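Participant: Here are the chains, one letter per residue:
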Amino acid sequence: MNLEIPRKTEAWKFSPLGTVNSFNIKTKPELKKVDFHKIKVAVGPSEQQVHTVHLQDLIDSGTAEVSFKKSESYFFNDSNTKRANLDRNLESLTKSEKTATLKILKSPQSTLWIDPNSLSSNIEIEICENSNANILFFETEKDQAADESSFSKISFSIDQNAKLELGVSLSTANNSFSQINISVGEGAHFNSYSLMSGAAVYKRLETNVFLTGKESRATLNGLNCTRAKSIFDYHSNVFHLNKDQVTHQNYKAVCKDQSKSIFSGRVHLTENSSGAAVHQLNNNLLLDKKSSVDTQPELNIYHDNVKASHGATTSSLDENHIFYFSSRGFKPEHTKKILLEAFCKSTCSNLESPGIKEFFKKAISKELYGV
Amino acid sequence: MLEIKNLNVSVEGTKVLKDFSLSIEPGTVHAIMGPNGSGKSTLSKVIAGHPDYKVESGSIEFEKDFNKIDLLELDPHERSLNGIFLANQYPVEVPGINNLDFLKESFNNHCKFQGASEPTDQEFEKLALKNIDRVSLSPQFLYRGLNEGFSGGEKKRNEILQMLLLNPAFSIFDETDSGLDIDSLKVVTNCLNEAKSSENAFLLITHYKRILDFIKPDFIHILKDGKIVKTGDISLANELEKKGYDWL
Chain W
356 MNLEIPRKTE AWKFSPLGTV NSFNIKTKPE LKKVDFHKIK VAVGPSEQQV
406 HTVHLQDLID SGTAEVSFKK SESYFFNDSN TKRANLDRNL ESLTKSEKTA
456 TLKILKSPQS TLWIDPNSLS SNIEIEICEN SNANILFFET EKDQAADESS
506 FSKISFSIDQ NAKLELGVSL STANNSFSQI NISVGEGAHF NSYSLMSGAA
556 VYKRLETNVF LTGKESRATL NGLNCTRAKS IFDYHSNVFH LNKDQVTHQN
606 YKAVCKDQSK SIFSGRVHLT ENSSGAAVHQ LNNNLLLDKK SSVDTQPELN
656 IYHDNVKASH GATTSSLDEN HIFYFSSRGF KPEHTKKILL EAFCKSTCSN
706 LESPGIKEFF KKAISKELYG V
Chain U
135 MLEIKNLNVS VEGTKVLKDF SLSIEPGTVH AIMGPNGSGK STLSKVIAGH
185 PDYKVESGSI EFEKDFNKID LLELDPHERS LNGIFLANQY PVEVPGINNL
235 DFLKESFNNH CKFQGASEPT DQEFEKLALK NIDRVSLSPQ FLYRGLNEGF
285 SGGEKKRNEI LQMLLLNPAF SIFDETDSGL DIDSLKVVTN CLNEAKSSEN
335 AFLLITHYKR ILDFIKPDFI HILKDGKIVK TGDISLANEL EKKGYDWL
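Chains as they are written, first to last, in the numbering used here: chain W, 356 to 726; chain U, 135 to 382.
For reference, chain U alone in the conformation it holds in the complex:
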């Protein structure tokens, strides 16, 4: 589904990802762990197409409907329309834009791209109400400004709500567990487990093993100094808990 080969990325002249390679198949969950500054968030931003991150060499191929797409050739909004989703570490607050209107327009953008008919306002509101209940947010959050005055945990759940509505093929969760209390973490991971299918794939970026207790990754990768230095299963996360990163 996603094939990253020999990716070299710099930010403001500093090289962050160095010959990074990773292959992700449909129906799998990958987790990336690593010390601060190892390049985890950079990876998520590069896949989503943030303009501040300069790709110096390498490739990212995304397979959709048996066609291979060169992601680096696409603008960020085109990547989203093709099925890439990034749940941000720090979702932005935008006063003056109603959350429901934002969700509906985003949903309609995807409907239009896929040639599907757009729902009516009432139909979409019903869909949004059903899904906001799944992330245990009060319906009132639909009628407030986009993330305006939301707590850290509420913002993260609003990101998951967007993921549920857009149903992307490939989702990246950039430290979605940070700022979540244990109950919220269970709600979020329940949603992820329900959304998981043989046709989509998840990439979890995290510092802590606790999220991996609720959603079982197929692979855990340790990122250090811009490269994957070790790949393993859940036992690798247990080892990290005990030893930290110094032994790698």
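Chain W with its partners taken away, still in its complex shape:
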């Protein structure tokens, strides 16, 4: 079995600072069969309550609409015809370079679940003005050779005063490259959480956030749980392109069994970023002596009137914490479990959607305890 780690290619280079006004990351991944209509909708915090809805149902309820660039208008009266046409249009993306845009017109009452394995490379989701959407982007297991990687890319546009809470779960045994591009408009808020875990050899997640409108905000929290010689590679780029914008980033990693976590977080405070406030933190926990961490929190500052701080820590479990718990009657092994769980689950604290929060807490428990 070939376990060679896929290496970064030219296509994955970061966008240079001067050309950040549009998504210009040149990637030509292989297009896959589009199955975008299989959006799952979570109606409650429990995973069992998730069901699949046809995209058309969201359109019919006035929650969403779909448009196709370079494509004729989309309207049919008969429901079945509409579905068939929608499916045909989506599937035709496999043969062309067209882009489908899903517009979230008003705040859906439930969390939308999207499987990256079901996406083509050119899907955009727009969260329209004043609306509020919760989206969970999660991997499902698929047959994959050990030296094979899957690729997924999704773009979001968050319009004025809208809000997107995005959960990204890359927790299967599949090797994967995922890229998420987000444009955040005036007064809009992007709140994200990423979890990379599972038995894969290599996973890479790249998040590019373009804060375009005044007073827009981005929160990027997340966790890498690496094990069994795996390498999980997290990269983020946040571009402050307007006034009074805020970025908070708190990313953590737990590494065991000779594994490795990579954190590379860049925040670009451009010439137009007056009044920006940025706080960036990366905390890492090493559970054995042969695991390692590469961490690079980075601030590129091109304006004087900004507040920015960043930091990183790497350590093993704190002996003083273990003693404190012991002095209250906790057994050391139990204490270690509690501390580890607390370290991991504290990353979920900024999630507001109960469904997404519960999903990740369960996913973390599954990673730590196998249940």
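By construction, these hints were calculated from the structure, which means they are not laboratory data.
Note that this is a predicted model, so its numbers are computed, not measured.
Warning: the hint list may mix true and false statements.
[As the list claims (entries may be wrong)] For lysine-lysine, the following DSSO-like pairs were computed, each having C-alpha atoms within a straight-line distance of at most 27 Å:
no., chain 1, residue 1, chain 2, residue 2
1, W, K518, W, K700
2, U, K289, W, K692
3, W, K716, W, K700
4, U, K260, W, K686
[To be verified] Here are some chain W residues the structure puts well away from chain U; computed CB gaps all over 12 Å:
no., residue
5, D412
6, E484
7, N485
8, N487
9, H544
10, L695
[Claimed, not checked] Here are the simulated distance ranges between beta carbons:
no., chain 1, residue 1, chain 2, residue 2, range
11, W, N655, U, N232, 36 to 46 Å
12, U, Y379, W, K645, 46 to 56 Å
13, U, K358, W, N655, 53 to 63 Å
Note that the Cβ used here is the ideal one computed from N, Cα and C, for glycine as well.
Put chain U on the given structure of chain W with help from the hints.
Facilitator: Just chain U, lined up with the frame of chain W:
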């Protein structure tokens, strides 16, 4: 209740306690004072079982239910379950662990060890709310991370809350008065006076006489260079206030 005999302790190769001996009876309050680096905090950590402190010789016997227990044979969590409590000088902050959950699990550990039934979540919350009021902390502190973002005084009061809930036989207060304003000091010492009984004992470690104005010790010991060099009553603390430690 607690008998320490000829204890020699080192930390990272440096000898800190030298032939230290002390006997504490139930129903008594002992205070230990001494200059910086004399070994006061080391004594508290050794009794509680901190792994960084190496006991080279000597013994610590703890009497419980008419049985003598060799404390040095027990792990720190076993010492706690047997009734040893340390109110830390610097309580740790642990984000991500709810204070109430921590208190409940600690309480349940002790219930289990004593063969008592564990309270329900509601019963324990009621008990915690009653006791948090005694230490004059807002109930909100129960629902925050363990000591997370607490001020120095709030952390100390949270330690006292734990002592009230666990009701230990022997409690050590390592500089509990440092960082407390005068009102908080009164609240804390009121709790200690209320908790004091003929069946338990306290060891106060302090630099200042002011805490001893609110809780009267039966004995004051002066620790210098790893040994008790003088023992007396409250008048010894008054003398220290005037003369310092140089005359000893």
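Participant: Decide, hint by hint, whether the structure agrees.
Facilitator: Outcome of the hint check:
no. : hint                        : result
1   : W/K518 x W/K700             : holds (23 Å)
2   : U/K289 x W/K692             : holds (24 Å)
3   : W/K716 x W/K700             : holds (6 Å)
4   : U/K260 x W/K686             : holds (26 Å)
5   : D412                        : holds (39 Å)
6   : E484                        : holds (36 Å)
7   : N485                        : holds (32 Å)
8   : N487                        : holds (26 Å)
9   : H544                        : holds (23 Å)
10  : L695                        : violated (10 Å)
11  : W/N655 x U/N232: 36 to 46 Å : holds (38 Å)
12  : U/Y379 x W/K645: 46 to 56 Å : holds (50 Å)
13  : U/K358 x W/N655: 53 to 63 Å : holds (57 Å)
Consistency note: the structure conflicts with earlier hint 10 alone.
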